Every structure is written in structure tokens, then in C-alpha cells.
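A.B. asks: Throughout the sequence shown, residue numbering follows my numbering, covering 1 to 460 in sequence.
Please keep in mind that the hints were generated in silico from the structure rather than gathered at the bench.
Do not rely on the hints blindly, as some may be mistaken.
[Said to hold, decoys possible] Label pairs and their in silico Cβ distance ranges: (1) L200 to V34: 29 to 35 Å; (2) E353 to F185: 16 to 22 Å; (3) V79 to S109: 29 to 35 Å; (4) V376 to H415: 47 to 53 Å; (5) D14 to R250: 45 to 51 Å; (6) H415 to Q4: 31 to 37 Å; (7) E203 to F176: 25 to 31 Å.
In this text, all values refer to a predicted model and were calculated from it rather than measured experimentally.
All C-beta atoms in this analysis are idealised placements derived from N, C-alpha and C, irrespective of residue type, glycine included.
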Amino acid sequence: MGLQEDNRHLEDADRKYIWHPFTQMREWEEATPVIITEGRGSFVKDSCGRWYLDGVSSLWVNIFGHRKKEIDDAIKAQVDRISHSTLLGLSNEPAIRLAEKLVTLMNVSFGQAEGPPPAKVFYSDNGSTAVEVALKMAFQYWQHRGETQKRSFLSLNNAYHGDTLGAVSVGGVAIFHEAFGPLLFQTYKAPSPYCYRCELGREYPACNLACADALEEIMKNHHQEIAGLIIEPLVQAAGGMIVSPTGYLRRVHELCSTYDLLLIADEVATGFGRTGRMFASEHENVVPDIICLSKGITGGYMPLAATVATEEIYRAFLGEFKDLKTFFHGHSYTGNPLACAAAVACLDIFAKEDTLREMKPKIELLDDWLRQMQAVPHVGNVRSRGLMAGLELVLDEKTKEPYDWQEKIGWKVAHHALDNGVFIRPLGNVIVVMPPLNISIENLGRLLTVLRDAVISATA
1 MGLQEDNRHL
11 EDADRKYIWH
21 PFTQMREWEE
31 ATPVIITEGR
41 GSFVKDSCGR
51 WYLDGVSSLW
61 VNIFGHRKKE
71 IDDAIKAQVD
81 RISHSTLLGL
91 SNEPAIRLAE
101 KLVTLMNVSF
111 GQAEGPPPAK
121 VFYSDNGSTA
131 VEVALKMAFQ
141 YWQHRGETQK
151 RSFLSLNNAY
161 HGDTLGAVSV
171 GGVAIFHEAF
181 GPLLFQTYKA
191 PSPYCYRCEL
201 GREYPACNLA
211 CADALEEIMK
221 NHHQEIAGLI
231 IEPLVQAAGG
241 MIVSPTGYLR
251 RVHELCSTYD
261 LLLIADEVAT
271 GFGRTGRMFA
281 SEHENVVPDI
291 ICLSKGITGG
301 YMPLAATVAT
311 EEIYRAFLGE
321 FKDLKTFFHG
331 HSYTGNPLAC
341 AAAVACLDIF
351 AKEDTLREMK
361 PKIELLDDWL
371 RQMQAVPHVG
381 NVRSRGLMAG
391 LELVLDEKTK
401 EPYDWQEKIG
411 WKVAHHALDN
421 GVFIRPLGNV
431 IVVMPPLNIS
441 IENLGRLLTV
451 LRDAVISATA
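Using the sequences plus the hints, can you model the full thing?
C.D. replies: Spelled out as C-alpha cells, the structure:
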């Protein structure tokens with residue numbers, strides 16, 4: 001079978017057999033799919049032999065790019081030993097080593113902040129399940145404490161915490177979540193810290209964090225029934241790369257302490273260096289009660305997640321067998337040795353390559369580019385933290401009138417970029433930039449040049 005014939009077979013088979021996520025399949029069936037066959041560094045190659053810069057780290061997970069030797073070698077070595085054994089009633093070496101490394105890392109990362117850092121690791125397999133674990137853990141914690149009325153949760157508008165029903169219940173992105181409304185449990189929603197489109201009609205910094213005041217009002221009236229607040233620290237990622245104003249996260253933490261709510265930090269997107277610190281919560285010296293981790297934890301190689309809780313939360317689950325205080329939750333692939341081995345190797349790379357320090361000139365380059373892009377017609381707002389950024393495109397910059405979402409302006413930018421060797425995936429009218437942390441300055445510059453041209457072309 002020749003290359004062209006094989007490609008046609010793959011394209012036909014894809015249309016015939018695969019249902020793609022977050023994709024209108026009628027449009028997909030009429031398009032020619034890009035089929036990835038290989039990756040190397042910050043690039044991916046399609047079945048026709050074309051290479052593309054991976055501008056979103058393959059959906060924010062490949063933080064060290066593709067074919068990273070240390071992770072490749074760790075997985076190969078683990079395959080030669082054992083690929084999976086259950087964590088129910090057994091343990092395994094990679095899971096233990098990774099848990100030790102995560103807790104040690106958090107003790108260092110949160111060493112200057114008030115309060116004990118998370119201390120116990122509960123494994124699952126993706127960001128949604130990490131959040132589900134956190135919600136169930138927080139709920140059951142209060143039940144064991146005898147505060148049985150604390151059974152609801154508080155979250156933010158524009159929040160995205162995953163696609164399982166518990167995670168959707170605390171989500172706040174209407175286009176993703178409204179269809180499932182009848183299936184969800186009720187939660188309290190507070191205004192998003194979305195300064196460009198403030199729900200309260202205020203301007204930062206003159207507002208004095210009015211959105212946090214609105215959050216406090218909910219806590220004041222309902223804290224007796226709220227088990228915890230879940231938040232994406234600093235950046236609401238899938239909600240549109242919404243960067244919260246300085247001081248907001250710190251205020252949220254103080255409010256949770258005042259009103260006795262557990263603070264759950266969903267660091268699935270912001271964790272592992274993406275914001276310039278190992279964890280986004282560090283930027284404002286906030287120690288969450290529970291942290292949800294996934295995406296970059298294995299460098300994008302294997303599905304893995306971790307929900308890390310404080311010792312106090314863990315101890316509330318200890319008791320006699322007859323007390324039924326056990327945390328009744330688990331997954332077939334919990335603590336998978338292959339995934340844990342990949343994660344150990346991934347975390348070792350941060351130290352070996354001094355990743356956070358090496359990111360600084362790249363962050364400066366991205367910040368400079370964003371300032372320049374703010375002057376480009378139809379760029380309404382630019383925002384970033386570390387190497388995660390968003391450009392919000394608008395029809396009218398003065399009124400902030402958005403493009404009709406059905407116009408698919410973000411996808412027009414993405415298609416233009418793809419034609420010029422860069423893969424990105426927008427969020428509606430927001431162009432997302434999230435390259436691998438170790439992308440070279442040269443390749444980052446190339447990526448940003450292509451994106452500038454794509455924005456100008458799509459909005460002309």
C-alpha cells in the first residue's frame with residue numbers, strides 16, 4: 001500500500017470509526033483530518049510528512065515536548081519490569097516514589113506559606129477524576145466531622161473542572177455545561193474574576209476586588225452548608241485563559257479560613273511550571289487544603305492524576321473497619337506503574353534542566369509579544385501568566401463587542417496557522433498560546449510570528 005493510498009485509508013477509517021471530543025462530527029466528516037504519526041521536541045508530524053510546531057503542548061500536557069529521552073527511557077525500563085498492578089490491596093515502587101517526590105516538592109514549594117502543605121497522595125487517571133476525588137473527599141471529610149449539613153460546593157462562573165458529572169456541577173462554562181443541567185447537583189456560583197468583562201461592571205484596581213466581596217457574601221449566607229470552594233488558581237484556563245487580578249487568590253484563601261470552607265485548588269492546567277512557578281498557588285503564598293493535579297504530571301506521556309490532601313483531611317478517614325470511614329473511591333488504573341515512572345522522570349527533568357529558571361526569557365518574549373499584539377486591530381484583550389496566554393478577539397475594540405461564536409473566528413486563526421506550520425486550538429474567540437516549557441527561543445519566536453500573521457489575516 002503506497003503512502004497516498006494508506007493516508008486515504010486512515011482518513012476514511014477515522015471518519016467511519018472515531019467520535020472526536022468537543023467536535024461537531026458533521027463538519028469533521030466533510031473535512032480532511034490531520035493525522036499525527038510522529039513527534040519530536042516541540043514538533044509533531046502528520047501522515048503526509050508535514051511538521052507543525054505544537055503551540056498548545058498537545059492540549060497542555062506535553063510540557064517537555066515529544067520524545068523526551070528521559071521519559072522514554074523510564075517507560076521502557078518499567079515495561080521490562082511490570083506495566084500494571086492494582087493499588088487496591090497492593091502497592092508498587094513507582095507509585096511510592098512519585099508520592100514521596102510530590103509531597104517533598106510541595107513542602108519545598110509551600111515552605112514560606114502559612115499552614116501545613118498537602119501530605120497524602122490519592123491517584124486517579126485524569127483531571128476530571130482528580131476533581132471528583134477532591135469533591136467526594138471534601139464531602140466525606142465533613143460527614144466524618146459530624147457537620148453533616150456541609151454538603152454543597154462553591155465555585156466560579158467561567159470555571160472548567162472537567163467533564164464528569166461532579167466536575168461539571170462545579171463548572172461554569174455555559175456552552176459546555178448547560179446541556180447536562182438536569183443531571184447535576186446544585187452548587188453556589190460566584191462571579192468570575194474576569195476583569196476585561198467584569199460581571200459587576202467595575203474596573204480594576206478601583207473595584208477593590210468587588211468580585212471577592214460577592215464571593216464573601218455567598219460564604220456569609222451559606223457557609224454552614226458549603227463543604228468547600230474549588231478554584232483554578234490564577235488562571236481559568238478552558239474558560240478563556242482568564243487571569244485573576246493580583247490579590248484575588250490570597251483573598252479567597254483568607255475567606256475560606258474565615259468561614260471554615262476547604263479550599264480545593266484545581267491545578268490540572270496551572271500546575272508543573274506552567275505559570276512560572278511549580279504550582280500557581282505559590283504566587284500568592286496560598287496553601288490549599290486539597291490540590292488536583294494531572295495534564296503535565298507525566299509530561300503528556302500517560303494518563304495520570306493525583307489529588308493531594310492535608311494530613312488533617314486524611315486523618316478524618318481513619319477508624320475501625322466497622323466505622324465505615326474508608327474513602328470508597330478508586331480506579332482500575334490507580335497508581336499505574338508506567339504512568340508513575342513517567343511522572344517521576346518528568347519531575348526529575350525540572351531539577352536537571354533548571355526548567356523554571358530557563359523559562360524566564362521565554363516568558364519575557366511572550367509578554368513583549370502580547371503587549372505588541374494589544375495594538376493589533378480586533379485584539380480586545382491579552383492576558384498571560386508564565387507560558388500560558390490568551391488573546392481575546394473582538395469585533396469592536398471600543399465596545400468590546402465579541403464576534404458571534406458561530407463565525408468561528410478563533411478557528412479561522414487556527415486554520416491559517418496550521419497552513420503555516422503551527423498547530424493551535426482556540427477557545428471560541430480566544431487564541432490560546434501554551435507551548436512546551438522547554439521550547440527554544442527561536443521556535444517560540446517562530447510560533448508567535450505565525451500567530452500574529454494568522455490573527456491579522458483572519459480578522460482583516
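A.B. asks: Indicate, hint by hint, whether the structure satisfies it.
C.D. replies: Each hint, compared with the structure:
1. L200 to V34: 29 to 35 Å: 42 Å, violated
2. E353 to F185: 16 to 22 Å: The hint (16 to 22 Å, Cβ to Cβ) is violated, given that E353 and F185 are roughly 43 Å apart.
3. V79 to S109: 29 to 35 Å: 31 Å, holds
4. V376 to H415: 47 to 53 Å: 18 Å, violated
5. D14 to R250: 45 to 51 Å: 47 Å, holds
6. H415 to Q4: 31 to 37 Å: For H415 and Q4 the Cβ distance comes to about 23 Å; the hint is violated.
7. E203 to F176: 25 to 31 Å: Holds, since E203 and F176 (Cβ atoms, about 29 Å apart) stay within the stated range.
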